[in-house]
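Let's have the full structure, built from the sequences with the hints guiding it.
Chains W and D, in that order, give the protein sequences.
Residue numbering for the first sequence follows the numbering used here, beginning at 1 and increasing consecutively.
Residue numbering for the second sequence follows the numbering used here, beginning at 115 and increasing consecutively.
There may be inaccurate statements among the hints.
[Said to hold, decoys possible] Chain W is faced by these chain D residues, among others (derived, beta-carbon under 7 angstroms):
(1) Q758
(2) G762
(3) Q763
(4) V769
[To be verified] Using C-beta positions, here's what the derived DEER-type ranges look like:
(5) W:T103 <-> D:D743: 14 to 24 angstroms
(6) D:G768 <-> W:L2: 47 to 57 angstroms
(7) W:T103 <-> D:V742: 21 to 31 angstroms
(8) W:E86 <-> D:D743: 21 to 31 angstroms
(9) D:W747 <-> W:Q73: 56 to 66 angstroms
(10) W:I80 <-> D:Q765: 42 to 52 angstroms
(11) D:I776 <-> W:Q73: 24 to 34 angstroms
(12) W:Q73 <-> D:R754: 48 to 58 angstroms
(13) W:V79 <-> D:I776: 16 to 26 angstroms
If you're looking for bench data, these hints aren't it; they were derived computationally from the structure.
If you're wondering where the values come from, they're calculated on a predicted model, not measured in any experiment.
Backbone N, C-alpha and C fix where the C-beta goes; we use that ideal spot for every residue, glycine too.
This is what each chain is made of:
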Amino acid sequence: MLERLLILSAVLFCIGLYGVLSRRHIIAVLMALELMFNAVNIALVAFSRYVTPADLAGPGGMAENARYVLTGQGLAVFVIVAAAAEVALGLALVIALIRRTDTLDITGVSLMRR
Amino acid sequence: MVAEGAVWGIIALPLAAGALAAAALLPALRPLARASGYVAILGVGGAFALSLLVLDAALGADGAIGFPVRSWLTVGDPTSAGGFEMTVGLLLDPLSAVMVALVSGVSMLVMLFSLGYMRKAVDGEGGAWADYPRYFAYMSWFTAAMLGLVLALNLIQLFVFWELVGLFSYLLIGFWYHRPAAAAAAKKAFIITRIGDFGFMLALLYLYLHRAEFLALGENPFEIPAILAAAPLLPVSVAMWVSLGILAGAMGKSAQFPLNTWLPDAMEGPTPVSSLIHAATMVAAGVFLVARMFPLFAESTVALNAVAIVGGTTAVLAAAMGVVANDIKRVLAFSTVSQLGYMFLALGVGAWPVAIFHLLTHAFFKCLLFLSAGSVHHSVHTFDMRYMGGLRAWMPVTYVLTLIGALSLMGIAPLAGFWSKDEVLAAAWSADGAGSVVVSRLVFVLGMAAVFMTAFYVSRLVLMTFHGEFRGGIDAVPDEERIPDEAHLVGHVHRAESPLVMTLPMAVLAVLAIIAGVALNALTPLGPLPVHGLTHFLGGATRAFDPVIAGASTLLALTGIGLALGMHRRGSLALTDLPQPWSVVHRFLARRLYMDHLYETLIVRRVLYRGLFLATDWADRRLVDGTVDVVGWVGRNGGRAVAQLQTGQVQVYGVAVFMGVIVMLVLFMFQR
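This is the structure we're talking about:
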């Protein structure tokens with residue numbers, strides 16, 4: 001099951017990466033970025049569910065209880081929160097960009113070169 | 115026994131006095147300039163008193179007096195070859211005890227003389243005493259450095275004082291630095307002695323390379339007593355190379371052929387400076403150094419022969435050049451070089467106490483003769499003997515004192531010079547040193563030849579200066595020959611004896627020049643005087659008086675005097691129009707064997723300038739500058755090229771980051 005989830009995560013990540021690097025519309029870039037976030041979240045949750053931490057797997061350990069250790073899932077929730085904040089920031093930047101250049105096409109923006 | 119503090123005081127007193135004298139250079143203390151002379155004399159006088167105390171203690175002691183050796187600098191473990199310990203201390207044995215008394219005593223007398231001499235004849239800017247603070251500070255510091263050199267325990271310590279002595283010599287030769295000739299002479303003296311010192315430094319490095327041999331004996335490779343004690347145990351080649359290196363240093367300092375060219379030029383300094391530094395003390399440092407390291411030299415026949423040949427050659431060549439010089443100080447300078455040659459000759463034939471004996475007597479009579487030259491200059495304001503003559507009419511005291519110094523220098527019995535010169539010649543003839551017999555006999559012949567020439571040029575000096583008609587002094591010197599700086603002295607020739615402050619030190623030196631030979635090293639029992647006192651004290655073998663050699667050298671000296679008198683009668687002592695082939699010889703000698711020409715034109719201009727300097731200049735422009743330019747070009751153009759990658763497009767950067775991640779992933783995979 002872990003492999004399938006990781007393949008899903010990788011595919012999602014690659015789609016997102018392609019979008020980030022190739023789209024010219026800034027909103028599309030932001031959306032592709034969200035895809036990459038969620039690919040990472042899927043990987044995080046999958047590892048947390050299927051990989052037993054070493055100190056729980058040893059003899060006399062509580063391997064059975066490992067499935068109730070929810071650290072990875074908790075972390076994924078934090079990532080979702082951070083992503084939401086990032087989207088808010090990104091959209092603010094988009095508005096600033098529109099005000100300045102009156103366009104949503106990021107290939108025309110090369111302010112960093114100066 | 116003597117306290118260690120007292121011996122350090124010998125060095126410290128002149129040092130402190132020099133600092134006090136220099137303080138008068140401060141504008142606020144300018145009015146006290148005159149006092150700086152007295153302060154310096156007090157300091158050196160104190161050092162002289164301590165020196166006598168030390169000499170007395172050394173006379174009472176048997177051999178060297180031990181003092182604690184202090185560690186100054188330790189690197190690593192000094193007992194292993196990887197470490198090194200620099201020690202400082204005092205080496206007080208009969209040799210250094212005699213030398214400190216000589217240096218401080220003569221220095222005190224010369225400074226006393228300077229009180230009169232350095233007072234300006236014509237009031238210039240800053241009053242008659244304007245030169246005092248700088249002059250007396252330098253002289254005091256020079257004396258301190260020289261005393262430190264003599265008392266040094268460690269060769270590196272000695273080397274430091276050796277260089278300090280060179281520095282003060284430089285400063286004093288160039289004392290009148292506004293004269294181009296004085297500035298050039300100072301530079302020349304510094305550079306040429308430095309060439310010799312390079313050899314000295316190589317000897318130190320060579321000793322350091324062989325430190326394991328000293329460490330095996332539990333000794334420090336730079337402490338002089340340790341080196342001398344270990345000398346017989348060292349391989350002959352080590353003794354030879356170290357000795358030759360030290361000899362090179364001594365040759366530079368003592369102006370031995372072929373490094374002799376700086377001393378005649380050094381006469382550009384004030385005359386008392388020439389008297390103290392370039393006649394009595396500093397130039398004798400080379401002789402002192404070889405005498406100090408003598409047991410090491412004695413291990414190597416090659417080194418001893420080299421010392422003897424250098425000395426013999428110098429004695430003759432310098433005397434020959436002295437014959438044709440017209441400047442009274444130049445004559446004395448050549449004479450000094452020649453007499454130092456005698457001392458080296460004595461060292462080379464193994465008679466080092468005799469060399470020190472001659473060093474002492476020479477210090478007295480040559481110092482006296484230089485002070486006489488200063489006294490003469492004080493009256494006629496020129497050093498050119500062609501414009502003197504007849505000075506005895508109004509300078510009777512100077513005349514008599516000069517005559518005493520001259521007879522002593524010529525080696526006429528019973529004056530001091532006779533005894534020491536005779537001992538040198540006797541030692542060379544007997545050839546019982548460690549050097550080879552052939553070399554010993556050869557240098558004996560050279561020494562005898564120098565006796566004749568010495569007698570001639572000294573008689574010439576006395577006759578041209580004090581006898582005959584007065585030829586006008588500075589007033590008669592043609593404009594083009596006159597030192598520009600002295601133009602204001604024209605018309606100030608005063609036909610009077612020098613003041614007492616100048617003649618008194620001369621008189622003291624004259625007494626020493628008469629009695630020093632008999633008093634220090636009497637050959638037969640004379641009342642309370644010990645027979646061969648100095649030689650015994652220094653710890654050398656003694657030799658019976660040889661009447662045949664003494665008679666022969668006296669005869670040669672008298673012949674020289676007779677020749678000079680005869681030429682004086684005929685009025686041809688100025689050696690102006692000589693018949694062939696003598697005129698050729700005269701020109702050759704007057705140009706100083708073309709040695710300056712050789713050094714300056716050939717070596718400096720051709721070899722160094724045309725060859726070395728232009729080559730290094732080319733290398734600097736093309737290779738060094740070229741490399742730097744290429745580095746700059748690569749940076750500039752490389753930066754421009756890389757700047758093209760900066761598009762400002764976020765997505766391009768994103769691609770670059772992604773590529774980087776992939777590269778890192780691949781690397782990690784292959785590293786596994």
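Structure-based check of all given hints:
Contact between Q758 of chain D and chain W, as hinted, is not supported at the beta carbon level, the nearest pair being about 11 angstroms apart and thus beyond 7 angstroms. Hint status for G762 of chain D relative to chain W: holds, with the closest Cβ pair at about 3 angstroms, below 7 angstroms. A cut of 7 angstroms between beta carbons decides the hint on Q763 of chain D: the least distance to chain W is about 6 angstroms, and the hint holds. With a cut of 7 angstroms, the hint placing V769 of chain D at the interface with chain W holds, because the nearest CB-to-CB distance is about 6 angstroms.
The hint said 14 to 24 angstroms for the Cβ distance between T103 of chain W and D743 of chain D, and at roughly 47 angstroms that hint is violated. The hinted range of 47 to 57 angstroms is not satisfied by G768 of chain D and L2 of chain W, whose Cβ atoms lie roughly 29 angstroms apart. For T103 of chain W and V742 of chain D, the hinted distance range of 21 to 31 angstroms is not satisfied, since their beta carbons lie about 49 angstroms from each other. The given range of 21 to 31 angstroms is broken by E86 of chain W and D743 of chain D, whose C-beta atoms sit roughly 50 angstroms from each other.
In this structure the hint that W747 of chain D and Q73 of chain W lie 56 to 66 angstroms apart at CB holds, the actual value being about 59 angstroms. At roughly 25 angstroms, the beta carbons of I80 of chain W and Q765 of chain D sit outside the given window of 42 to 52 angstroms. Distance hint check: the CB atoms of I776 of chain D and Q73 of chain W are about 30 angstroms apart, consistent with the given range 24 to 34 angstroms. The beta-carbon spacing between Q73 of chain W and R754 of chain D, approximately 52 angstroms, falls within the hinted interval of 48 to 58 angstroms.
For the hinted restraint 16 to 26 angstroms between V79 of chain W and I776 of chain D, the CB-CB distance of approximately 24 angstroms keeps it satisfied.
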